[in-house]
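Line by line, the protein sequences give chains A and B. 1 is the number of the first residue of the first sequence in my numbering; add one for each residue after it. 1 is the number of the first residue of the second sequence in my numbering; add one for each residue after it.
To be clear, the hints were calculated from the coordinates, so they are not data collected in a lab. All values derive from a computational prediction rather than experimental measurement. There may be inaccurate statements among the hints.
Remember, identical chains collapse to one label, so a pair may be satisfied in a single copy or spanning two.
[Unchecked claim] For lysine to aspartate or glutamate, the following EDC-like pairs were computed, each having C-alpha atoms within a straight-line distance of at most 20 Å:
| id | residue 1 | residue 2 |
| --- | --- | --- |
| 1 | LYS118 | ASP19 |
| 2 | LYS118 | GLU22 |
| 3 | LYS149 | GLU18 |
| 4 | LYS134 | GLU150 |
| 5 | LYS41 | GLU154 |
| 6 | LYS41 | GLU150 |
| 7 | LYS146 | GLU158 |
| 8 | LYS149 | ASP101 |
| 9 | LYS48 | GLU106 |
| 10 | LYS118 | GLU18 |
| 11 | LYS120 | GLU18 |
| 12 | LYS133 | GLU18 |
| 13 | LYS23 | GLU83 |
There are 2 protein chains.
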Amino acid sequence: MAQTTIRHAEVLNKLSFEDFVEKLGNIVEKSPMVAAAVWSKRQFYSLKGFHKAACDFIDGLPINGKEGLLRCFPDLAGTLAREGRLSADSTGEQRSAGLFDLTTEEQTNIARLNSRYKRKFGIPFVLCARLNKKDAILRGLNIRIKNSKEQEVETGIEEAKKICWLRLVDVLQGEQVNIMSKL
Amino acid sequence: MAQTTIRHAEVLNKLSFEDFVEKLGNIVEKSPMVAAAVWSKRQFYSLKGFHKAACDFIDGLPINGKEGLLRCFPDLAGTLAREGRLSADSTGEQRSAGLFDLTTEEQTNIARLNSRYKRKFGIPFVLCARLNKKDAILRGLNIRIKNSKEQEVETGIEEAKKICWLRLVDVLQGEQVNIMSKL
C-alpha cells in the first residue's frame, strides 16, 4: 500500500490546479475550495500526507466555516435523496448504508430525527455512511442529538474527514477500498 | 434602496440554512461554504451587512484558503467558456463583458496571457467582468501580470468580493442592478 500511495501522490503532484480541482473537488461535499486550497501545499509524498493537509485546512477554519462546511452535506435519507438530487458521491454512500431501502417507519423516524437535529444545531447530521449501516445511523442520530452544539460540530467535522479520505481513495483508485485501518 | 435592502435582509433571515445555501451558494463561484458559513451570522439588517459578513469570512481565510477560493473561478474567455461549461452566473458575466465576441487575435492574446498568469501565480486571473469590457480586461491582464503573487491574491480577492455583491443583488432582486456606487 505504501508504494501505491506514493505513486498516487506523484499523480497529484503533476496535476495543474484546474485538473486537481476538477478531479478532487468533491472530496469534501460541494466544497472544491478545500482541494483547491490544499494544492498550495504540494509536494505530497503520500495520500495520507494529502489527506492530512486537507484536515489541517479544515481544522484551521473558524467555527462558522466548519459549520458552513457541514451545511453543504445533504441529509441522510432526506429530501435530496428522495428527489434524486444527491451528488454521485453521496448517492453511492447512502446506498451502501442501505438508506435507499428504508421501511416507511424507518423513513418517518429518520426524517423526524433529522428535522429535530437541524432545529437544535443549525447543521445537518453528518456521518460517514459507508462505515455504517442504517441501524447504526438511526442509533447514532438518537445518541448524538443529545450532545451540545460544540460536540456536534466537532463530531460532524471528524466524520467529514473520514468521508474525505474514502472519496480521495476512490478518486485515485477508481474503486472502493477498505483502508480505514490505515488512517 | 435602504428600505429595499432591509426587506431583502428580512427575506434572508427567514431562510432555512438549506434554502439559504441553495439560493446563495454561488455568490462566490463554486464555494457554497461561504454563504453556508455566513448563515451563522444572522440576523442581517441589510444586504450590505450580509455582504460584509461574507467579506469578513473571506478575509479570515488563511492564505491558501484565499488562493483556493480564487482557483474555483474559471478563466475569462477560457476553455470552460468555449466548451459551454461555465456556471450560469459566469456565462452571463463573461457575455456582458463581450468575452463571447472576441476576434481570433483577441482570443489568442487572452489565452496566452491567462496561461502566463497561471504559471506565474498558481491562481487564475480573477476580475469582475460585469464592471469591465474586453479591452479593459486585456489591459488589466497585461498590467496585473507584472505584480507580485501577494498583490494578485489580494487583488483577486477584492474582485471576487465585487462579483459576490453583484450576484447577491441579482439573487435577491432577480435582475441586474447597478448599485456598485453603494459599496
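Structure-based check of all given hints:
no. : hint            : verdict
1   : LYS118 / ASP19  : between (35 Å within a copy, 13 Å between copies)
2   : LYS118 / GLU22  : between (31 Å within a copy, 16 Å between copies)
3   : LYS149 / GLU18  : between (36 Å within a copy, 18 Å between copies)
4   : LYS134 / GLU150 : neither (25 Å within a copy, 48 Å between copies)
5   : LYS41 / GLU154  : between (24 Å within a copy, 19 Å between copies)
6   : LYS41 / GLU150  : between (29 Å within a copy, 16 Å between copies)
7   : LYS146 / GLU158 : within (18 Å within a copy, 42 Å between copies)
8   : LYS149 / ASP101 : neither (30 Å within a copy, 52 Å between copies)
9   : LYS48 / GLU106  : neither (37 Å within a copy, 44 Å between copies)
10  : LYS118 / GLU18  : between (34 Å within a copy, 10 Å between copies)
11  : LYS120 / GLU18  : between (38 Å within a copy, 15 Å between copies)
12  : LYS133 / GLU18  : neither (35 Å within a copy, 25 Å between copies)
13  : LYS23 / GLU83   : between (26 Å within a copy, 18 Å between copies)
In terms of the numbered hints stated before, the structure departs from hints 4, 8, 9, 12, listed from lowest to highest.
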